[in-house]
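Here the protein sequences come in this chain order: A and B. Under numbering that gives the first Met the number 0, think of the first position of the first sequence as 0, with each following residue one higher. Under numbering that gives the first Met the number 0, think of the first position of the second sequence as 0, with each following residue one higher.
Think of the hints as simulated: they come from the structure by calculation, not from any bench. Worth double-checking, as some hints may not be accurate.
[To be verified] Now the stretches of chain A that chain B is said to cover, found in silico as 3 or more residues with beta-carbon under 8 Å:
id, segment
1, 93-104
2, 108-116
3, 135-144
4, 292-306
These numbers were taken from a predicted model, which means no experiment stands behind them. Glycine included, each C-beta is placed from N, C-alpha and C at the ideal position.
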Amino acid sequence: MSKQIVAPDVAVEAGRGTGVAPARMTYREAAREGLRAALRADPRVFLMGEDIGRYGGCYAVTKGLLQEFGPERVRDTPLSESAFVGAGIGAAVGGLRPIVEIMTVNFSLLALDQILNNAATLCHMSGGQVNVPLVIRMATGAGRQLAAQHSHSLEGWYAHIPGLRVVVPGTVDDARFMLAAALACPDPVLLFEHIFLYNMEGELSAGLERVDIDHAVIRRPGRDVALITYGGSLHKCLAAADQLAAAAIDAEVLDLRTLRPLDDATIMDTVRRTHRVVIVDEGWRSGSIAAEITTRIVEEAFYDLDAPVARVCTAEVPLPYPKHLEDAALPSPERIIDTVKSLLTRSEAG
Amino acid sequence: MSPAEPAPVTRERGLALLREMLRIRCFEDRCVQLYGELKIRGFLHLCNGEEAVAVGTMQAIEPEDAIVSTYREHGHAIAHGLDMQALMAEMYGKQSGTSRGRGGSMHIFDSRKRFYGGNAIVGGGLPLALGFALAQKLQRKSAITACLFGDGAVAEGEFHECLNLAALWRLPLLFLCENNLYAMGTAIERAEAQTDVAGKARVYGMPAEVIDGMDVFAVEDATCAAAARVRAGAGPVLLELRTYRFRGHSMFDAQLYRDKAEIEVWQKKGPLITLTTRLKALGLMSEDDYQRLEREARAEVETAVDFAERAEFEPLAQLERFVYAEQAP
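Pulled out of the complex, with its shape left as it was, chain B reads as follows (with noise of 0.2 Å):
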């Protein structure tokens, strides 16, 4: 399966897909100075090195389509259009969060723009998935679900079951993985006899692709030409998005597991200094642009980091709210 056309490289979508990684790099740095400072606890896993993949694969969904993530969610949700302020509020655990502050880091959820998690069980997004996939067929829509996963997930039964599954009866799925090479500490070599994500896919009947994940046109692109063939009902497709992840697995992680050296290589071929390169020596974009986006970005995240801590937390009156469903759907 190879991608139609790519889409030509130009100014305005140069400029647009690096103005959307910009805002999730300086809202994953500032998380850690919050992280810091207290303001945000519990487990929090960073994108950083990952937003071409973030930014790329939003690019293909439309608004019916359904979107199951991992709790390494963040660049995801940001890209996919969710209100900054109201994940920002969610980091902080405050009512105005995206899950009402109940969710945090790792459970962004928002049902109106069909963003169902934020999953924190590796693997355990992907039957969710294959049902929306399912619901979708059924009710006989042209909506696609879109499945973020890390390579983590491969080592599970669900990734597995759910691949033979979405194959055998041609749901419109896009399972999306997200291969930054280690499942926490472990290096996928040492988890997989087999390392070839796509290779696993094409074995279940599905057309895969390995995409390099760190060049966000061709993420987009081959995000594009899959979600249209799975869109026109042919089945499900597997991409492997080969990234890196440039901070540790949470905020506990000291790393003891990777050398220094191979994150410095990583971060030389990292997304944003692969984009903005490009741009640059294309003529299509200035120092000046870059600056300006980057400005921007900041502004946007301490706005939000303004609205989160000017939010309420939920009152303890609330506390048993929300475990069952409050009204009829």
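Looking at chain A on its own, in the form it has when it is part of the complex (with noise of 0.2 Å):
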């Protein structure tokens, strides 16, 4: 398990501040640069949360960091995700740039009356005189046989409530640079790093320098079917639709990147490019994100559909511990280019 998620400790000296020379790294090393250029950049900025300072980080995304910059920025709590959670929104309130890190989505329930009750609300409660501009970093989603009360993809839920803004880095880029996006919105900023992209090796693009976390991103342009993702799925419906080219299939990927607010605007022009849409989402089927953006593209553009939205989800189902069960339980390639087929056979039929 150990050599799964912890990462190798290897210095990552390319890509740093100036990004001129392109440079592989993991998604774990880019979210790492991407937390030492903020903690560099800003001297309000601090990190707090569960073993990020001498454990290094649950998935080893803080570590090296305590050493480089002090215990008082790189600050360990105690497992009190309400208490520093909330330390986080009234520091933030107080002049300073927290960003907090909660071990997996799963124990940010034990912070949700933070999240809700005071970092989404208390710009709209107090009239406009507070403003939370913090940071929330956890870990999300399923592939790691990690079972019921870590594996859960809640992005959706947080995406629910006004007052946050909700991203989803998906490609080594956004890891990278997303943070620093997220640090100079004066809202609270939920930011869902997927456990399974963690050891994903990728390109940093070169002479890159920031990312926006305002638009969805089209990763692989296409005519015949819109793939709709963000996050760990993006990579799934990236293998899928290489698959579909093989069968003819010309399958465009969408990276929604940002949940809230959702970026209409580009959703609405892929699917009238495309004509056919299918969400793939690792939260579960009922009242998800997949809901949500198939009840926009029906209201907003109905008319330039050829089929019915189709969905691939997670199973209603607590996730399992066994890997066959959890693999099933998953969106997965197969279960995408599944429906695919079968939503192009539906619209040719009719």
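Combine the two chains into a complex, taking the hints into account.
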């Protein structure tokens, strides 16, 4: 297990600051570089969370930062999620730029009161006097056999809440640079890192210095069908699109990147060009972000559709531990491909 | 931890404290009438009986300090110097209210005075206060955070999480537990296996004291001493201020859970009676003085009501404002 989730202890020199040289790095290293850059750029920034310092982070994202920035700015907390998330909110209002890490999204439920009743609400409740420039990072998603209390994808839940911004880096570039955009935002931003992506290697785009957190991005253009997705499912969609190409089906892959606010314009543009949509979301299907996107498409682009909107979501069970059951519960390239093919068959038949 | 030197009881000090307590009492009593007239709606939690806690504690607060309060916060806000007209406009839900009318009675904010609510989740303000104190410490400020909460919050996990963290990190945080003996309708002895709140704080390694919350001089002396200690960097302190709520929990409370006799006993040792009796006995105040202060307080409240009556409601077109910040901080 530790082999899977602990990063190799390598210093990542390239990609810092200027972003001049293209560099290969893991998603984990990219996230760490984002944190390091933030700590260097602004003395108001500090990190706070469980085992982020001496331990190096449950998923090793913060490894080495304690040694570099000291215990005041890389602050280990006790297992008091409500207290340290609320402390992040208070410190943000009090003039600092906290980055709070919650070990997994399941644990964030212990801080849900603070996230909803304070972070998302203070601005409105105070008539605009108070804003909360706080970033909360948390690990989300399944695929490592961590069973039913460490594997869920609740980012769609959080996207229900006015006052929050919800962002989901799915690429090395976004893992590296979304944090800076989140810190520049005057409102609370929840940033979800998928546990299955931490070991994914990729090339940081040469010359890239920043990304926004406002727009969805087409990761692969296509004409026949749109796969609308985000986060950990992005790579399943890209793999599915490759295989569909072999069957002469040209799939577009749209990476939402931000779940609140949704980039409706880019979503509808994709729908109007492809006319068929499969939404791939690791959340449970009922009441999901996939359901929200479906509704918006029906509301705004119904007559552009050649087939009903389809969804590939996680089976409606708490995630089981055994690998065969976990795999079966989650979206997979195979399920995506099957869904696309049945959609095309239906729309051609119609 | 014993208070340094209690301040002497003088006519000037006594009348100043009494004046503030009367302003609160008159405001609250007027709110009752306005609630009956349907001018004020929603949940309305009044602090009659707890004025000495509000006024005594707020004497220790410096302009740079932060305050986090509860949904029973009218008294704290008035004693801290928030504008009474804006407060009354907030009760009415008007645009010129302290929170532009969006908060109401339970969510009074004034960021210029660092008054950060008005938190209506019991215990929900403690983590926020922890954060303000952490920011003050990291910014090397001499300011402190005062966190007011009731005995009900002691049953919440946040109380324990935050006392532990404040002590562990030696934060400039003054915990002020306004113990009015009831969490809504649940008496503290029906909720807590150990009812000694100050004792719980000591377990977390901070000094704590029980103070007679009906004696405004005692509250002021204790809070000033505790605030000085916190300000000096010695870490958090908790004061348990024993008081009593004369009215129901909110305007919907039939008070089935306590005897009228119990309320009468407490009313006899109420903060206003205690203070006026003492000042008169010491020859520091006449009945005329009292009548004058009460008249002035009533007049101020009436001015606030006039202001609120005349104030505008926020236009409907602005419904969705203030969900996100409108300008970068």
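Hint check results:
no.	hint	in the structure
1	93-104	holds (count 4)
2	108-116	holds (count 3)
3	135-144	violated (count 0)
4	292-306	violated (count 0)
Going down the numbered hints, you'll see the structure goes against 3, 4, while the others check out.
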